[in-house]
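Enquirer: Here the protein sequences come in this chain order: A and B.
For the first sequence, this note's numbering assigns the number 1 to the initial residue and increments by one for each residue that follows.
For the second sequence, this note's numbering assigns the number 1001 to the initial residue and increments by one for each residue that follows.
Accuracy of the hints is not assured; some may be wrong.
[Said to hold, decoys possible] Here are the simulated lysine-lysine pairs, DSS-like style, with alpha carbons at most 25 Å apart:
(1) B:K1164 - B:K1136
(2) A:K44 - A:K6
(3) B:K1080 - A:K169
(4) B:K1136 - A:K204
(5) B:K1006 - A:K205
(6) B:K1192 - B:K1014
(7) B:K1172 - B:K1192
(8) B:K1056 - B:K1192
(9) A:K205 - B:K1080
(10) A:K167 - A:K124
(11) A:K205 - A:K6
(12) A:K44 - B:K1164
(13) A:K39 - B:K1136
(14) A:K204 - A:K55
(15) B:K1172 - A:K124
(16) A:K55 - A:K167
(17) A:K39 - A:K169
(18) A:K44 - B:K1192
(19) B:K1172 - B:K1080
(20) B:K1164 - A:K204
(21) A:K55 - A:K205
(22) B:K1136 - B:K1148
(23) A:K39 - A:K85
(24) A:K44 - A:K204
(25) B:K1136 - B:K1192
(26) B:K1172 - B:K1148
(27) A:K169 - A:K124
[As the list claims (entries may be wrong)] In silico negatives: residues of chain A with every beta carbon more than 12 Å from chain B:
(28) D135
(29) K169
(30) S196
[To be verified] Quick look at which bits of chain A chain B covers, simulated, 3 or more residues with Cβ under 8 Å:
(31) 149 to 157
(32) 208 to 214
Treat the hints as calculated values from the structure; they're not laboratory data.
Each residue gets a CB set at the ideal place from its N, CA and C atoms; glycine is no exception.
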Amino acid sequence: MCTLEKRGDLFHLTLTGDDEHRFHPDTIASVLSLLEQAKSQSTKGSVLITTGHGKFFSNGFDLAWAQSAGHGAIERMHQMVKSFKPVLAALLDLPMPTIAALNGHAAASGLMFALSHDYVFMRKDRGVLYMSEVDIGLPVPDYFSALVVAKVGSGIARRELLLSGKKLKGEDAVALGIVDSAAHDSAEGVVEATVSLGESLAAKKWNGEVYASIRRSLYPELCRMLELTANNLATHNH
Amino acid sequence: MCSLEKRGRLFILKLTGDGEHRLNPTLLDSLRSTINQIRSDQSSSQSVLITTSDGKFFSNGYDLALAETNPSLSVLMDSKLRSLVADLISLPMPTIAAVTGHASAAGCILAMSHDYVLMRRDRGFLYMSELDIELKVPAWFMALIRVKIGSPAARRDVMLTAAKVTADVGVKMGIVDSAYGSAAETVEAAVKLGEEIIQRGGDGHVYGMMRETLLREVLVHTIGEDESGSSVVRNTGSKL
């Protein structure tokens, strides 16, 4: 499902397997637990790189699982939306720089997961960003919109992402200021580039708590929605 | 400490001497009283302020060495800078920072508190150094950063990589308005811009009020003291 590996200063979080890496209560719990693990093992100079195997980074929530409950579908959707919030909160609060290396498509909550990282690298040759909600008639949770507003500056870019139903390729996403890079062909190329960035950030040996505190202060409205206020932050010993 | 020159309708405020122009209580008091002097000048509603400096530094931030000897001085310096920035934000005239040297942390905030930032490209950088030196960033600094730097990626680069932003990079990031070949050229350009603005006319008082509205989020932080230093934005209940 997902693994966490430490190589030098870099933590590698990988969504394993050749499937769509849909977020389901079990995957959500797994990812959350691995992020907590990374946090507890963090030291000065730690960096997180998140990537996936196969065609998808993540294709969003497990809608099939929700629908299989028949009348209980809406309840299951609510449960996933609610339980996913702490994942984004954990990323916003992580005491180290975070980089998403998109091996493939990122849609809906999968895209939100990507955007919650400090840096997002896409492939040039493959993979799209897609906020599918407008096409499938699903409302977008308020904290998703808050994340888009926090990370994407231009009104036009926000519209393209949230309202157009467009599948944005790497080039487009860079032009719109949604991702940092789409310069590499192949998943390996992207990972290599993110490792390179990761190593240069790690070399700064920044204090993770200071880093996380400054990061949170960049996105006050989003943090408020993710219930990440100064009061309920877990303090951490390194 | 600082000098004030009047050139026609231009006020030129200069941080004098060859040092780092660290924002210690004395310099901050001096700057504040000079700004008050400018404000009470009869012609102020049809003027422009240019702030610049001598030497290698615009300002290298708070006097941290001083703060180490007496921690209460940190609070005092922050409080004085807040008041100075609040004064700049309400000043009834356009303001231009002619950045002729390094501007770090609080010094960078001072530069960015001006309406226009003109900078030399041959030397010097804007540097929010706090991440590198493990210093807490006051919530009101972040409010100014959020208002003045439009691109989320640029904000991230400035705050989360502690980027040393040279003038040309600053222009690309949308932090610096324009870049020039030398300190002298930068000041000259600021004077020229100031004169063009004055030619345009307009009421400085209205200008000042409009600027306050634009920078409302910063004023909320500068006027109300937030002792906890938390970065939680106070919800004033009104939405612009």
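Enquirer: Given the hint that K204 (chain A) pairs with K55 (chain A), test it: the Cα-Cα distance must not exceed 25 Å.
Expert: violated (33 Å)
Enquirer: For the pair supplied as a hint, K44 (chain A) and K1164 (chain B), confirm whether the alpha-carbon distance does not exceed 25 Å.
Expert: holds (21 Å)
Enquirer: What's the verdict on K169 (chain A) and K124 (chain A), does the C-alpha distance respect the 25 Å limit or exceed it?
Expert: Holds: K169 (chain A) and K124 (chain A) sit about 8 Å apart, inside 25 Å.
Enquirer: According to the definition I'm using, a residue is off the interface if its beta carbon is farther than 12 Å from all beta carbons of the partner; does S196 (chain A) meet that for chain B?
Expert: holds (14 Å)
Enquirer: Straight-line Cα separation of K44 (chain A) and K6 (chain A) no greater than 25 Å?
Expert: Given pair K44 (chain A), K6 (chain A) holds - Cα atoms ~14 Å apart, limit 25 Å.
Enquirer: Quick one, are K1006 (chain B) and K205 (chain A) close enough, alpha carbons at most 25 Å?
Expert: Judged against 25 Å, a Cα distance of about 47 Å means the pair is violated.
Enquirer: Is the hinted pair K205 (chain A) and K1080 (chain B) satisfied, with a Cα-Cα distance of at most 25 Å?
Expert: Not OK: K205 (chain A) and K1080 (chain B) at ~32 Å, beyond 25 Å, violated.
Enquirer: Does K124 (chain A) sit within 25 Å of K167 (chain A), going by the straight-line distance between their CA atoms?
Expert: Cα-Cα ~14 Å, so holds.
Enquirer: Please verify whether K44 (chain A) and K204 (chain A) have alpha carbons no more than 25 Å apart.
Expert: Holds, at roughly 9 Å.
Enquirer: Does K1192 (chain B) sit within 25 Å of K44 (chain A), going by the straight-line distance between their CA atoms?
Expert: Not satisfied, since the Cα-Cα distance of roughly 48 Å exceeds 25 Å.
Enquirer: Does K1148 (chain B) sit within 25 Å of K1172 (chain B), going by the straight-line distance between their CA atoms?
Expert: holds (14 Å)
Enquirer: So if I understand the rule, the pair passes when the alpha-carbon distance is 25 Å or less; does K1136 (chain B) with K1148 (chain B) pass?
Expert: holds (20 Å)
Comparing the model with each numbered hint stated earlier shows that hints 3, 5, 9, 14, 17, 18, 19, 21, 25 do not hold.
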